[in-house]
Every structure is written in C-alpha cells, then in structure tokens.
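If you read the protein sequences in the order shown, they are chains S and B. Okay, so the first sequence: first residue is 2 according to the working numbering, each after it adds one. Okay, so the second sequence: first residue is 320 according to the working numbering, each after it adds one.
I should point out that these hints are in silico values taken from the structure, not numbers from a laboratory. Please read these numbers as outputs of a predicted model, since none were measured by experiment. Where hints are given, some of them may not hold.
[As the list claims (entries may be wrong)] Covered stretches of chain S, going by a simulated chain B footprint (3 or more residues, C-beta under 8 Å):
| no. | segment |
| --- | --- |
| 1 | 154-163 |
| 2 | 213-226 |
| 3 | 233-247 |
[Claimed, not checked] A partial selection of chain B residues facing chain S, derived with a Cβ cut-off under 7 Å:
| no. | residue |
| --- | --- |
| 4 | S330 |
| 5 | T332 |
| 6 | R513 |
| 7 | D517 |
| 8 | A644 |
| 9 | R677 |
| 10 | T681 |
| 11 | C682 |
| 12 | A688 |
| 13 | P794 |
[Unchecked claim] Partial chain B-side listing against chain S, Cβ under 8 Å, derived:
| no. | residue |
| --- | --- |
| 14 | D501 |
| 15 | E505 |
| 16 | F609 |
| 17 | Q638 |
| 18 | R642 |
| 19 | R649 |
| 20 | F685 |
Every residue, glycine too, gets a C-beta built ideally from N, C-alpha and C.
Residues per chain, in single letters:
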Amino acid sequence: MSDATPTDRTDRIHLTAGIDPGASSVKIAIVKSRSGEDAEVVATAIQRIRRRDVRDVVRSAFADACASAGVGPDDFDYVASTGDGDAVDFGTGHFYSMTTHARGALFLVPEARAGLDVGAMHARAITFDGRGKVGKVRMTSQCASGSGQFVENITRYLGVPLEDVGNLSLESEEPEKCSSICAVLAETDVINMVSRGVKTADILRGIHLSIASKLARLIRAIGAEETVLVTGGMACDAGFLESLRECIDEKQAAEQPELAVVAHPDSILAGALGAALLGARRHRQLEEMGRLPVIAA
Amino acid sequence: MKCVVGIDLGSTTTKALLLTEDGEVLGRGITNSRSSYDVACAVAREEALTAARFAMLEQQLAESFRGGGAAGNGAGNGTGQGSGDVNRSRPLERLLQEAFRLELYLDQLGHLRDRIGELVEAPYHEEWRGALEPAVEEILDQAETQAPDLFLGDAPRKSDFFRDLAGAAFVEGAEAIAERGDAPFERLLALYDRAILDVETNLETRSFADLLRRATERIGGASTGNGNGHHGLDAEGLVRLRRVVDSVAAEPIDELAFVGTGYGRQTLPFPKESIRSEILCHGRGAHRFFPGTRTVLDIGGQDTKAIQVDEHGVVTSFQMNDRCAAGSGRYLGYLADELSLGLHELGPLALQATRKVRVNSTCTVFAGAELRERLALGEKREDILAGLHRAMMLRAMSLLARSGGIANEFTFTGGVCKNPMATKVLRELVDDNYSQEGGAPITMNIHPDSIYMGAMGAALFALEDLEAGAAGLLPSFVEGDQSTQEVRA
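Could you put together the complete structure from these sequences and hints?
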C-alpha cells in the first residue's frame, strides 16, 4: 500500500499490475506509469493453465512476475483483473475485457482503432477511439469454429509444437481446403489429410484460412476502417495473421484503403497491460475522491 | 466354413459382421477407424474372422476337454464341469483370447518402438535427442512389463484398441519423466501422436495361427520352462490344446459375398456395386432384429440420424446432423478425453448423479470448457456429466421431431447406445414427448449388438446379392486368403 498524499499525485509514479486469466493461459503485466500515462512495462508473465486449477496458476504467474520485477505484493498501488475475474481471488478491482483490450491495444500500437481478440475459446472484434473508448462490438458465440482451441486440437494430431504452427503455415504453397467448420469434426478431416499425404504446412494453412474467413466477417461487421490490432493468443501465429489479411477481400480493401491488420510481439498481453494501465488511472481517481482501495494480497 | 461379410465403416469405429448362408451370425469385429479406411476395414474383418475362429475354438475345446478330468488333473478344479474350465476364474478359451490380445499388443508395441526410433532422428529433435531416446525406451519398456497384467489381470481394460491402451501407458510414462525433468512432456507426446498414426495404418500381416500358438505357449506354461504351467495344464492337456489350436487355425473360412456401408459414401474404399447407403443398412439391420420398428435413431461417431422405416424395413424419411459434433458420439469422446476417462466409463459415472445440472453450451469445445469450469467450482463430475448427456440427447430429440417423430416401435442403434446414461435420458425424453395412440408408452428397443446394426444390414444385403447371383467381393479379401493358405500348408 502506498501512502501517497494528494499533493504529489501529478508526478507520482504508480506501480500497478494487470492479471488476465483466459481460457488457456494466464497473462500478467506489471507496469510503472503516471496515472496510466508514460507507461513502462516492468515485467510480464504468461503461464499455460493446462489442467491445473486456474486460481493456482494466477498465483504462481503473479509470483513469477513479481520476482522478475523485484517487487513484493505490497508494493503495488493497484492490482487489476480482467477476463475471467473469478479466477483472481486477490487484487483491487476488475475491468471488463473489452475496455482493457482497447486500452492495451492503444498502448502497443497507438494508431490502432480496432482490435480483434482471438483467444482459445472466443473471438471478439471491437472498434475504439484514440482514448480507448469502445464503440462497436461483435463476438463469435455458439461455437468454437473460430478459436485458438481449434488450432491447438489440430496440432496434436499433426505432432507439431504450437509455437511452430505459424511459420510452418506460412510455408504452405497449396492450402488444403478444410470442409468441416466444426472444430471437433475437423479433426477427422485432418486425420484423413495426413493419410492422403497432404503436407503439414498445407493442412495448417487450410485450418488458418477456415478460421480467418470466419473472423474476417467479424471485422467487416464492426466496420473497422483503419488499423486493426490482433490481440490474444492467436496474435502470435504468423500463419493465421497472413490468412486473415488474405480473407479481407478486395472489395473491403477497396472501400477502406486504410484498413490494415497488424500484430505486436506483446499482443497476447494486451488485456493484462490494459488492466494495469486502467488500474493506475483508477487509483488516481480514487485517490482524488479520498477512497483509496485496500489490496488484499 | 462359408460366410458373407458386411462392413460398416464409421467415422470412429469400423465394424465387420460375418453371416452364414443361413443368416446366422458367425463373428463380429470392431476396430477404431483410423486415417486409412482400407486398413480399418481389413482390421475389422480380421477381428471378425478372429471372433469366428474363437467361437470354433470354444466349441472344439468343449468337445476335447469334456469331462474335465483329463485337463484338470493337476489344476485343482477336477470337478468335470466340461468346457475346459482349467483356470478357476476363467474358462480356457477366454484365457487364450486374452493371451492372444496380449501377443498382438506386444507386437504392436514393437512397431511403435521402431517408428518412434525413426521419428526421433528428425533434425527437429536434434537438440533433445539425447534425452528423448532413453525416455522413450523407458516408457515402452514399462508398457511391455505392464502388458501381461493389463490383459491377463482381473481389472477390466479401459478400451480394447491399441491406440487407447498404448496411449494411456505412454502418457503415464511421459508424465513421470517430465516430472523428473528428464525430457519435455510435449515433445514425447508429439512423438507418440505422430508414430501412432503410422503404426495403426501400417497393416502388418498378422497371422492368427502364429499369435494363437504364442498365446497357447504363454498360458500353457511352456514359457515358464516346465510342462505343468501355472494355469494348470498338464503335459497331456497341453498337447491336446495344441492340437485343437492347430485344427482351428487351419480351418478355412470362405467369404462368398460382401457389402460395405458407412460414413462418407464417396470415400468408401469399396467397389461401387458393393456399397449400400448407411441409412438403408441401419434401417434394414434394426428391422431384422425388431420387425415392428418404425423409427430408428442412430447416434454414431460423427453424425446422428433419425430414420423412419415402413413395415418392410425400407426407409421412408430421414434427418441427419453432420455439420457439428454436438449431439454425436464424438461429443462424448471429447468429454471423456477432457476427464481422462475411457468412453465406456462416462455413462456409469453419470448414472450416479444426484443433482440436476443444466448445461448451457451447445458446441462440443465449449461443453468441454464448461465441464472444466464447473469442476473448478467444485461441482461433482457425475452431476455435470449427467447434464452433458441430457444436452446431447436433446439435440437428438429435435432431429427425431424433424424426421417425423415417434409413433410406434422405436429402435436406438449406433455406438452411443452402449452408454447407459444416454439410453436412460433418451427413455425419459421419449416418454415426456411421445406416446402410442391411447397413451401407452412407446416401445424402445436396444439390442446388445446395436453397434453392429449397420454392418448387419450390409451383411443382409450381401446375402441378398449372393442369392440373386450378383455377389461382389473386395479384391483385398481374395489376396487376404494367403494367410489361410500358409496355415494349411
């Protein structure tokens, strides 16, 4: 807990953390900023949940991040959760993922005006303004056919480590069209492709294109006109990004010449970064109101 | 011995059924459908032939060892109950069958070891090769050591398919190694995942005679070095057993006609004239067992079919769901994987539910996530599973309604009817929604061989072709006779 007084608040450096538990991994960012501006990332941590209890993973990832930042749990001004907030049983407050992803996206790529968050289970497209205020939103709903879990399931059958998927997919020359949309039934398709001798790269690219075509429709639906930053786990997948660019069809490209799909090396941390930054701003607001929170770490 | 063959090539399992010329079931075989349909068919047929031979074996053993005294001298059973009851807990043919499975499993483990040995040479594994090689050796050695217990022990196996058994052993070993920090789990599992595809699709010419002889020696005690093995066969009994085994192995089985059916008719590896639609076969098979059937629900691995048939078993209308895994057998398979359970353990577990849980997810992947979430919240496995079963059967009910509903006798077929929770939920839902004229409940049939219903229909069509003088055979069946020839020679 800090004992900041109202007099030094404009210059004061806030140390905040953002915790973003997703469906497949927990992301943590520790940030120094002046009320959320002039931010500097001190440490980050990403841990896969696998089959562990997500609350344990949150604690362990948070401890990792604190250790690499050289700070203790008591040094924070604000610890903010986003995403699956139920999984964080400590901390100061919670922000909705849409606002944290918008804020995080702006921090990573200041010219971004839309975000496509592709996580393990769901995908969500949002537009936002230069201050991170969210405009339009569209989500995938009923089904996992446009999600990261799809890719992960498939890589198991192909015997390819997840981190190699993107580059392998880029090597594809003849993408194999994937007929099933269902993420579960596609597994059978893939097994058949393997036995027909289809190259791994072509299979992966086919899957990427199938997911991307679904998500390109989301981008169209929110009417994104400028830079779209892809966030979430799939942003690390170069093959998916390339497929997504391919799926933004010519008509759309002609109508919106400024439309560009980009990713940042820290895209997966967008939610956690946004939470940390919003936490700092919130801290200052509360400070001004004289209602500073207590962190129960 | 003469027979006709029906093969139902499903997305998850492939079933083969042999019928005598009189329409009696001679043998049934099932295997997991893998990436190669040809191989799946060949293995399912091989399994059906094996089952037919074991039926013969049982009969001949009963004749040869009738009176019990001769075989049971040193066995301590000596009560003369007939049928070669050498081991107190298990009859001889059952014991032979288990030992037969064990020998087959050990052969396949050998193939797996060879294939992984090749895969680990890939440049991609260079950095880890030094750690991976001993790790794989350790895992497979352990799997081999544990194999006799798996097959000859008293505990029931989770599955009979090599993929599942070897997979479980491999994951267990790899987890232990990763725990010690010797080699990364993901890399080990990636090796297995890649190798198993090749091992499964590489159809080694397995010889029934050879495997059965090895099984005989194993349980006969020859392998332990003395004439009086631990399963209680004396020297004379063993000689007699060997004679029966040789005679059964040499008995020719002639296939006269063949019809195939299954998932994805265009890709079936059968000659055109030997293919019948899956819908027709399921209707026909169900009708053969239950002539009063007018509605059939078939829940297979990847698709769900609601079929209406007339009094001759001919299909009048149907509805099918094949774009989404929700409501198909794969749904349960996915959930079983999530829980690291065998598919057949799901139903019995769900039956123990004490609370009603409403599952909100439709998508299979989301249902898996919902399962994990609810578990994390402390809800009971059996309660959630019951809810998941109900969600799945609700999808089937809507399909049934669209195909025309249920008016009279109703038959449930396909692999999912082996699941007691699925059948229980279906019964409840049918009673809630339908009744006969006059209010009596609908008759619902589930045959113990329900999973073979499609293969049965196909075999019936084959019999019909044979009688009409238009029998077809798979070319590979003719080649396959070589193994029988060898035995005879």
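The hints, checked one at a time:
no. : hint    : in the structure
1   : 154-163 : holds (count 7)
2   : 213-226 : violated (count 0)
3   : 233-247 : violated (count 0)
4   : S330    : holds, 6 Å
5   : T332    : violated, 13 Å
6   : R513    : holds, 3 Å
7   : D517    : violated, 10 Å
8   : A644    : holds, 4 Å
9   : R677    : violated, 17 Å
10  : T681    : holds, 6 Å
11  : C682    : holds, 4 Å
12  : A688    : holds, 6 Å
13  : P794    : violated, 20 Å
14  : D501    : violated, 18 Å
15  : E505    : holds, 6 Å
16  : F609    : violated, 30 Å
17  : Q638    : violated, 18 Å
18  : R642    : holds, 6 Å
19  : R649    : holds, 6 Å
20  : F685    : holds, 6 Å
In summary, the structure is inconsistent with hints 2, 3, 5, 7, 9, 13, 14, 16, 17 from the numbered list given earlier, while agreeing with the others.
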